[in-house]
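The residues making up each chain are set out below.
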Amino acid sequence: MSRAALLVLADGRFPAGGHAHSGGAEPAVTQGRIRDADDLAAFCRGRLHTAGLTAAALAAAAAHGLDPLALDEAADARTPSPALRATARKLGRQMMRAARATWPSPELDALATARPRGAHQPVVLGLTARTAGLGPEDAAHCVAYETVSGPATAVVRLLSLDPFHATAVLARLAPELDEVAAQAAEAARHGIDALPAASAPLLDITAEAHAAWPVRLFAS
Amino acid sequence: MSVRATARLRAEPDGRGSTALPLLESAGPLALRRTRSPLPEHARVTVVGAMSAPLNGDRLAIEAEAADGARLTVDAAAATVALPGPSTDTGSSTYAIHVNVGEGATLYWLPEQLVSSHGSDLHQTTRIELAPTARLLLREEQILGRHGEPTGALTTRLTVHRAGRPLLDQQLAYGPGAPGGWDGPAVLGGHRAVGQLFLADPSFEDAPLPARLLGPTAALTPLAGPAVLVTAVAADARLLREILDGALHELLDGLKADTGNS
Amino acid sequence: MHLGHTHDGPAAVSADATRPDGTRRALRIGLGGPVGSGKTATVAALCRELRDRLSIAVVTNDIYTREDAEFLLRNAVLPPERIQGVETGACPHTAIRDDISANLEAVEDLEEAVGPLDLILVESGGDNLTATFSKGLVDAQVFVIDVAGGDDIPRKGGPGVTTADLLVINKTDLAPHVGSDLQRMARDAKEQRGELPVLFTSLTSAEGVGPVADWVRVQLAAWTA
Chain A
1 MSRAALLVLA DGRFPAGGHA HSGGAEPAVT QGRIRDADDL AAFCRGRLHT AGLTAAALAA
61 AAAHGLDPLA LDEAADARTP SPALRATARK LGRQMMRAAR ATWPSPELDA LATARPRGAH
121 QPVVLGLTAR TAGLGPEDAA HCVAYETVSG PATAVVRLLS LDPFHATAVL ARLAPELDEV
181 AAQAAEAARH GIDALPAASA PLLDITAEAH AAWPVRLFAS
Chain B
1 MSVRATARLR AEPDGRGSTA LPLLESAGPL ALRRTRSPLP EHARVTVVGA MSAPLNGDRL
61 AIEAEAADGA RLTVDAAAAT VALPGPSTDT GSSTYAIHVN VGEGATLYWL PEQLVSSHGS
121 DLHQTTRIEL APTARLLLRE EQILGRHGEP TGALTTRLTV HRAGRPLLDQ QLAYGPGAPG
181 GWDGPAVLGG HRAVGQLFLA DPSFEDAPLP ARLLGPTAAL TPLAGPAVLV TAVAADARLL
241 REILDGALHE LLDGLKADTG NS
Chain C
1 MHLGHTHDGP AAVSADATRP DGTRRALRIG LGGPVGSGKT ATVAALCREL RDRLSIAVVT
61 NDIYTREDAE FLLRNAVLPP ERIQGVETGA CPHTAIRDDI SANLEAVEDL EEAVGPLDLI
121 LVESGGDNLT ATFSKGLVDA QVFVIDVAGG DDIPRKGGPG VTTADLLVIN KTDLAPHVGS
181 DLQRMARDAK EQRGELPVLF TSLTSAEGVG PVADWVRVQL AAWTA
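Chains as they are written, first to last, in our numbering: chain A, 1 to 220; chain B, 1 to 262; chain C, 1 to 225.
Simulated from the structure, these hints should not be mistaken for laboratory data. These numbers were taken from a predicted model, which means no experiment stands behind them. There could be a bad hint or two in this list.
List of simulated lysine to any residue pairs, SDA-like, C-alpha gap at most 20 angstroms [as the list claims (entries may be wrong)]:
hint: 1; chain 1: C; residue 1: K156; chain 2: C; residue 2: R187
hint: 2; chain 1: C; residue 1: K135; chain 2: A; residue 2: A168
hint: 3; chain 1: C; residue 1: K135; chain 2: C; residue 2: P197
hint: 4; chain 1: C; residue 1: K135; chain 2: A; residue 2: A101
hint: 5; chain 1: C; residue 1: K135; chain 2: A; residue 2: R13
hint: 6; chain 1: C; residue 1: K135; chain 2: C; residue 2: R187
hint: 7; chain 1: C; residue 1: K156; chain 2: C; residue 2: R193
hint: 8; chain 1: C; residue 1: K135; chain 2: C; residue 2: S202
hint: 9; chain 1: C; residue 1: K156; chain 2: C; residue 2: L196
One chain only, chain A, in its complex shape (with noise of 0.2 angstroms):
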């Protein structure tokens, strides 16, 4: 396994989509509730124990070697929100494009021949780290990491923050992302039925809300 894959797969520059996607930043900063880094950082802390876990969770799984498929179904049932699950397929397939681009398998291949319009991007994320060689608890490092990184990146965008402030939020994030990251790591081992489903109300109820915007930023 090579420590440099993780550093690829986890660059926000890896070109599968995240740049357009807030994760639920967007109608926070419209909705005066993230005004500033502490803001901010709350945002990220709780989406990262939320849904970043749940996330995370489902990629360790999917690296771990668990059906993708039936790995898929669980996502959809953890989403309760059709704009998250639109979301989640989309990033999805552009995950796969990316990552058939740079780790082709037949693994990849098979998902993607299996879900046309995509698969959760969680377990496309996973599933492309087992390709490159990497481990469930990388997946679910890569997933949590992503979970707080694009919200930030975002927030950057949305209200002028000081981009040293908002990469400060994510460093001081750092012990917490590791937690996520074994948590869900250590679940994957147990199996589908054992994979956690934390969610977050104002979450899934603002992306609704975000979905319906005639005029935006970021397209989640």
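Guided by the hints, dock chains B and C onto chain A, whose structure is given.
Frame of chain A; chains B and C shown alone:
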């Protein structure tokens, strides 16, 4: 000192167009009473006496089954209040609800609020198995703290399988000991009342409802399978109930209009 | 490394010149340029000019959601199913150059919905002078500037002006009103671009987008040859 109690009930068609309750077994603080149902085809069971339970350390459970073709409403006489209990070393309490809904059966599971009082520590799990043609209407409301007090520790997990496949899986964790950010802008945003209204109905297979906002802090969302979930947060129990009641009546009226019966 | 060979299964990657079934895919032309230079109007005029002979679709990359897509829809230059807007998270240049995955998905969806297509026009939201399209997304790119944006833009250069396969200098009818020197713009452009072509257009004139459409036809002939 702590209580272990499992209440059980089973509903099945009585052969005369209504529903019988061949099993109705109270346990510990969970007293089950057959009450008069406003819906003629439904049997109705009301959970009474849960007002001062569970205490930390208690292990409470309800096992309920609506057999094929049965029509059952389960509700409660009062809110369930999770309490700390007399000593501090009893650990957390659990409240496990396990429900089976058979072919062509209908279950309305409409308990009152679950209130997490200061110092309490409760893990609630609700696990539901639906047959492919089962209908289920379920409400859950979590109130974080009694009036003016900080919340206790509360985790809930709602897992619904339909025909053995996962349909909904949601886990919530609030209060002391919960992972960080639960009160922040991604999760509750300072709201103290959280609720879900879940409706599974085979008719959604052909005619899924569109997603819709029910005000600034509530949304009705169609799931990937034939079911909808209303998710709402509110400042308090009363405001939350208003949102969920509005959604409940609308959903039931919609189904009546579609199917010509209730 | 994936140019010119086919992948198994759905969702071929990047610049593969053939569809999964082995047939040659649609030519993809990118149109970029600063805000207000007339990119969307040029796309609309091209669609009107070419749609009778060619099967065309358009992908727009907006800064805000779908405003350019909606302009094209309102003006009914193509049926709605032939126009798709990509959301770019406020950075169209990222979506057309650094992370082209959403655009490739839009291209694929259009092929699937209304294909086989001859030509796909990919429009970038008005961004800046450095925005260029990835070769993984388009086969040729047009950079649209206008005389009202200042006659020193060609002199200033930048990747769009310098390297685009075609430079369009639009709104020549406005030149006398804004004091722009077309001769100077032509001279500067030549200096920056060498042999790469430059076209002056006025969409309101009788000739309109004609010269650009002719250039597109030449590209298409070369693509399908």
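Against the structure, test the hints numbered earlier, and report the numbers of the ones violated in rising order.
Of the numbered hints given earlier, those the structure breaks are 2, 6 and 8, listed in rising order.
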